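Chains as they are written, first to last, in our numbering: chain U, 1 to 234; chain P, 1 to 234.
For the record, the hints were derived by calculation from the structure and aren't laboratory data. Fair warning: there could be bad hints in the mix.
The list treats identical chains as interchangeable, and a pair is accepted whether it falls inside one copy or across any two copies.
Calculated lysine to aspartate or glutamate pairs in the EDC-like style (CA-CA distance at most 16 Å, straight line) [claimed, not checked]:
{"hint": "1", "residue 1": "Lys172", "residue 2": "Asp72"}
{"hint": "2", "residue 1": "Lys69", "residue 2": "Glu191"}
{"hint": "3", "residue 1": "Lys179", "residue 2": "Asp76"}
{"hint": "4", "residue 1": "Lys69", "residue 2": "Asp143"}
{"hint": "5", "residue 1": "Lys172", "residue 2": "Asp66"}
{"hint": "6", "residue 1": "Lys172", "residue 2": "Asp41"}
{"hint": "7", "residue 1": "Lys2", "residue 2": "Asp143"}
{"hint": "8", "residue 1": "Lys179", "residue 2": "Glu159"}
{"hint": "9", "residue 1": "Lys172", "residue 2": "Glu58"}
{"hint": "10", "residue 1": "Lys172", "residue 2": "Asp144"}
{"hint": "11", "residue 1": "Lys172", "residue 2": "Glu197"}
{"hint": "12", "residue 1": "Lys69", "residue 2": "Glu16"}
{"hint": "13", "residue 1": "Lys172", "residue 2": "Asp73"}
{"hint": "14", "residue 1": "Lys172", "residue 2": "Asp143"}
{"hint": "15", "residue 1": "Lys172", "residue 2": "Glu39"}
{"hint": "16", "residue 1": "Lys172", "residue 2": "Glu191"}
{"hint": "17", "residue 1": "Lys179", "residue 2": "Glu39"}
Just so you know, these numbers come straight off a predicted model, no measurement behind them.
2 protein chains.
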Amino acid sequence: MKGTLFGLGVGPGDPELLTLKAVRLLGRTTVIAYPAPLEGDSMARSIAAAHLPAGAEEIALRLPFDPAKRADDVYDAGAVAIAGHLAAGRDVAVLCEGDPLFYGSFLYLLARLAGRFPVEVVPGVSSMMACAAALGHPLTARDDALVVIPAPRPEEEIERLLAGAEAAAIMKLGRHLPKVWRVLSRLGLAEQAVYIERVGLPNQRIRPLAEAVLDPAPPYFAMILVHRRGKAWN
Amino acid sequence: MKGTLFGLGVGPGDPELLTLKAVRLLGRTTVIAYPAPLEGDSMARSIAAAHLPAGAEEIALRLPFDPAKRADDVYDAGAVAIAGHLAAGRDVAVLCEGDPLFYGSFLYLLARLAGRFPVEVVPGVSSMMACAAALGHPLTARDDALVVIPAPRPEEEIERLLAGAEAAAIMKLGRHLPKVWRVLSRLGLAEQAVYIERVGLPNQRIRPLAEAVLDPAPPYFAMILVHRRGKAWN
Chain U
1 MKGTLFGLGV
11 GPGDPELLTL
21 KAVRLLGRTT
31 VIAYPAPLEG
41 DSMARSIAAA
51 HLPAGAEEIA
61 LRLPFDPAKR
71 ADDVYDAGAV
81 AIAGHLAAGR
91 DVAVLCEGDP
101 LFYGSFLYLL
111 ARLAGRFPVE
121 VVPGVSSMMA
131 CAAALGHPLT
141 ARDDALVVIP
151 APRPEEEIER
161 LLAGAEAAAI
171 MKLGRHLPKV
181 WRVLSRLGLA
191 EQAVYIERVG
201 LPNQRIRPLA
211 EAVLDPAPPY
221 FAMILVHRRG
231 KAWN
Chain P
1 MKGTLFGLGV
11 GPGDPELLTL
21 KAVRLLGRTT
31 VIAYPAPLEG
41 DSMARSIAAA
51 HLPAGAEEIA
61 LRLPFDPAKR
71 ADDVYDAGAV
81 AIAGHLAAGR
91 DVAVLCEGDP
101 LFYGSFLYLL
111 ARLAGRFPVE
121 VVPGVSSMMA
131 CAAALGHPLT
141 ARDDALVVIP
151 APRPEEEIER
161 LLAGAEAAAI
171 MKLGRHLPKV
181 WRVLSRLGLA
191 EQAVYIERVG
201 LPNQRIRPLA
211 EAVLDPAPPY
221 FAMILVHRRG
231 KAWN
């Protein structure tokens with residue numbers, strides 16, 4: 001009998017935002033896999049560390065930091081290693097920051113393994129919801145449309161996407177922050193936009209967007225939330 | 001000393017999708033509040049039922065089912081009852097389906113109580129992520145933009161919003177399903193759209209969208225996910 005591939009959302013950073021289901025499944029899984037930087041610790045593994053079973057076999061997918069690099073060879077090799085365990089009847093839990101299907105690297109493993117093995121995805125708390133909670137800022141109410149925009153998109157596309165919805169979350173800011181700031185300013189939305197870095201992590205920081213935009217190297221794990229009604233909740 | 005108002009996301013339906021943090025806070029809270037229908041059980045309370053402390057005082061916000069009705073008087077009275085406990089130094093946990101700040105009725109309490117009392121929001125797993133997990137369907141990858149569209153929006157607005165992004169989640173379907181179907185068909189997206197009802201609840205149902213659209217009374221808690229690349233994950 002084949003093992004099951006679990007995609008486990010471990011939430012955006014705070015270990016207490018793991019779900020009961022993720023904790024239960026981790027407790028009975030003997031093989032775990034996770035994305036990790038080329039050197040150093042995996043964020044997903046750190047978040048779930050308290051719940052990893054002793055002696056679990058670990059598969060680290062060592063990925064280049066630059067998210068524009070496809071790293072197909074890393075996913076190919078990881079999928080081969082995972083498939084070996086699944087074929088031998090062992091379940092494999094892939095730890096995923098936030099939610100597995102929302103900008104997750106889990107998708108690249110799924111593309112390689114789905115259809116060949118049973119798959120179960122356990123959804124997780126997304127960084128978008130965690131940012132809203134930390135900022136005390138509503139994402140959406142009533143019939144608002146929300147658009148989620150990765151900041152690496154071209155400036156004119158960000159402007160078009162932002163202009164069309166009542167609410168927006170702009171992710172993956174990093175060096176794209178000044179470009180996003182220009183678009184928000186042109187649309188008259190800079191005043192009511194709020195900004196947060198590394199939500200839920202020990203070095204989480206909330207600061208005024210007008211200050212953050214002057215940072216010579218804004219972090220990649222930073223987000224802007226903006227709503228046309230500002231902070232009006234209804 | 002004033003009590004703290006907690007907005008606790010309890011996730012979309014499966015009680016195992018509560019977070020460790022929500023469970024911990026529930027265990028030490030003596031006053032809970034939750035939205036409920038005019039008659040019958042509260043969905044948010046049912047999801048969290050196993051973790052409610054014995055003897056907790058309960059405040060049910062009895063809301064008309066029609067989400068277009070504002071129910072300001074219900075929120076006003078609920079906020080007064082909650083404020084009484086907070087002023088007396090007792091914490092109050094408001095149970096919220098999914099995430100508190102993503103189309104949540106918690107926003108209406110927040111509008112009435114923020115500024116007067118300390119507030120802490122605990123994010124939850126959203127129905128959007130749970131639907132993607134149940135369907136095995138990616139929400140977003142790489143630099144995809146995602147738009148979240150409430151189905152009660154006018155047909156031409158749904159078309160405009162859908163046309164602009166790579167991925168979409170269409171919520172609150174109910175009687176608006178045939179209208180959404182027309183738009184998806186016009187945009188050539190009906191084939192690759194997927195549909196799910198009452199995710200995570202005992203009566204969850206996945207069925208072909210072309211079949212669901214013939215239902216004389218599709219449920220309100222139903223969602224369509226669609227991605228321009230179909231089910232291609234990378």
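- Item | Ascending list of hint numbers which this structure does not respect | 1, 2, 3, 6, 7, 9, 12, 13, 15, 16, 17
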